[in-house]
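> Put chain B on the given structure of chain A with help from the hints.
2 protein chains.
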Amino acid sequence: MNKITGKLKMEDLFSERVAGMHSSEIRELLKLLDRPEMISFAGGLPNPDAFPIEKMKRVVSHVMEVHAREALQYGTTEGHAKLRHVICGGMDDHYGVSGLDVKNIMITNGSQQGLNLLSQLFLNPGDRVLTSDPTYLGAILTFRSYQAEIESIPLDDQGIRVELLAERLAYLEKAATLPKFIYLIPSFQNPTGVTIPEENRREIYRLLEKYGLLLIEDDPYGLLRFEGDHVPLLKSMDVSDRVVYLGTFSKILAPGYRVAWMIATEEIITKATIAKQAQDLCTNTFGQYCVFEAIYHDVLFPHIAEIVRLYKGKRDCMLTSMDRYFPDNISYTRPQGGMFLWVTLPESYDAFKMLSSAIEKNVAYVIGTPFFPNGGGHNTFRLNYSYASDDLIEEGIRRLADVIKAQ
Amino acid sequence: MNKITGKLKMEDLFSERVAGMHSSEIRELLKLLDRPEMISFAGGLPNPDAFPIEKMKRVVSHVMEVHAREALQYGTTEGHAKLRHVICGGMDDHYGVSGLDVKNIMITNGSQQGLNLLSQLFLNPGDRVLTSDPTYLGAILTFRSYQAEIESIPLDDQGIRVELLAERLAYLEKAATLPKFIYLIPSFQNPTGVTIPEENRREIYRLLEKYGLLLIEDDPYGLLRFEGDHVPLLKSMDVSDRVVYLGTFSKILAPGYRVAWMIATEEIITKATIAKQAQDLCTNTFGQYCVFEAIYHDVLFPHIAEIVRLYKGKRDCMLTSMDRYFPDNISYTRPQGGMFLWVTLPESYDAFKMLSSAIEKNVAYVIGTPFFPNGGGHNTFRLNYSYASDDLIEEGIRRLADVIKAQ
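Protein chains in written order, with my numbering: chain A, 39 to 445; chain B, 39 to 445.
Extracted from the complex, chain A is given alone in its bound form (with noise of 0.2 Å):
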């Protein structure tokens, strides 16, 4: 309690939550990277050139001409009316998930303000949450926010480990701590790229069935697959009503519009419009109506196409990089999709250790432990592909191989 004085004590009044909160090593790490001469495999950025500028120029202008004094002004809680329509028909045609009504889709601030509304939903201090084991950084720090208790369970070129998910589930139930929901990325993960098979999908789903649990299913890069066959969602799955899905434009199309959209029951969807009226009444009117003309003048599907062949070129120049010139006993992932792969070390290498010495060469990377919300990861880090350039990349790996073997 604040005393009668002059000085404020900011100690005392900041929440206990912010007990909890530390800034992104991520995050703080990008600071450091601005050095021109460095070659950043650290970012989690879509490439500029998968933006497809010229044409949204015209889309751009087209809203100022037609729609300017509606796109100018405050929207709906929910989100714009024609792209929430427009979702539900590409959730189906795209997606393979049918029967969905505009009153299951809500607009949010890009895929983490999904996050962070759940996370309010659904959180207690002390509640569980069970993820795979490393995660997506940014669910870890939200789910940290709300005080939340993370069970992780490791991970291997599969996705998740089922059986031990299983187990895992069993014994919690047993200790009446069962999480309030599981988070996953089930395709082309966060941060190691790893896609979660169908047969695998399916008994996760019948997990969820046998102890009632809810599932967040987020997937901001499903679309970005450049080789082998689509696994169906989870979500398309979703007989019962367990599954909430979360997609972006960020990766599709661009994050500067910081457009994003959450499916669920019509129940959840109406909380979270509640709380996301308490936390900024609505997301940019702009950005939506820049997206929705974006996919009604066909301008996105035709492009994620060109994403991908960008994106598969660059993961092919990394991966052929790396087969050149990393020693044998450095393993990583070959992800068929997404942004990210994922190296893992020697027991006894130490990645945070080594990355003084890869800055000092001029190429940065993440580490892995920020993204094991239970420790571990000494010897992991991840690898962002799609930022640089082809050249960079074949350079950056190489100079990363000479500090692998300097170790």
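Calculated directly from the structure, the hints in this document are not laboratory data.
If chains are identical, the list can't say which one is meant, so a pair holds when it fits in one copy or spans any two.
Under the rule of at most 30 Å between Cα atoms (straight-line distance), these lysine-lysine pairs were calculated in the BS3-like manner: (1) Lys141 with Lys120; (2) Lys443 with Lys399; (3) Lys93 with Lys350; (4) Lys443 with Lys350; (5) Lys47 with Lys212; (6) Lys47 with Lys248; (7) Lys141 with Lys47; (8) Lys350 with Lys95; (9) Lys443 with Lys391; (10) Lys141 with Lys248; (11) Lys399 with Lys350; (12) Lys212 with Lys248; (13) Lys93 with Lys120; (14) Lys95 with Lys120.
Chain B alone, transformed into the frame defined by chain A:
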């Protein structure tokens, strides 16, 4: 805890804070008001005639021509560096707040997100916030979503009653229940339109010093002054870092970009940035570029004079009509700026019951009760004069007078 069951028990899954969530009465009401024949004074929207659409066409084209690769990309959580820099200068030139550094400024997804971030940083469940009575409904919703207790102090045509504020703080100090912060909209308050005079602001600042308190100064309408002298911001008196200032481009440029700013100590901005990372990573970059270029190409400030001329005419039209048609026993505020005025009926009237008669006659207002955090205001309502055309303002007030007279 979930049971092994085929059915999800949603009531067991939702967090405790969901119990305190209710849909905003205003937003729910607005959905009923879509009839084209309705004259609505119920909204809080800027007038699209106040959007500088022709000038913004050139600004938006410029952003796409010159800055698309950056404007369509993710941005930093703190916000577009050039925009933060120009806000620094603008706070000195246009708001009378000097000595700021870029590190004191962050960009938010509307001021509503500023309120949400500050609530996350400061409010534990059960903590106290002190507001005027009535106050902005969106603030009440946000504070309640963090399970805060709201203490409220009556206002009159000079804003919050400073002598009552002093008494209450003395009492709360003795009871060791001082608020975590005070929340005020000192200029052209929503919902009443009243402005706190300079001497009262200085007294409020002395109380902050005396009791070691923080204050949030929410200032969406400050530059929309139609007449009378500028009143210095509380932030301009802030020698001891006690005031967090919230500004927005929603009412002086356009809400559709969803760009606002927060000014606070570097410590608070750093923590708010960490909180925002977990909430939504960043505010939409495209909107931030549009707003920055609007300021840089001198579209913004000359345009504010046009908004002021437009809204002054509408306020005059509404007040003249009220003076002419309303019975003598109805009192109302005469705001010198902003977008709202406030009507007080005799004690025996019920603004909620009267609303159905009003809607029958195709005229609408917002009842006062939701703006009172602790009850009261049954005989009050808010009128918005920024949105309707002058003709409809006069016709709507005439209808409303008939409704009042029929009571």
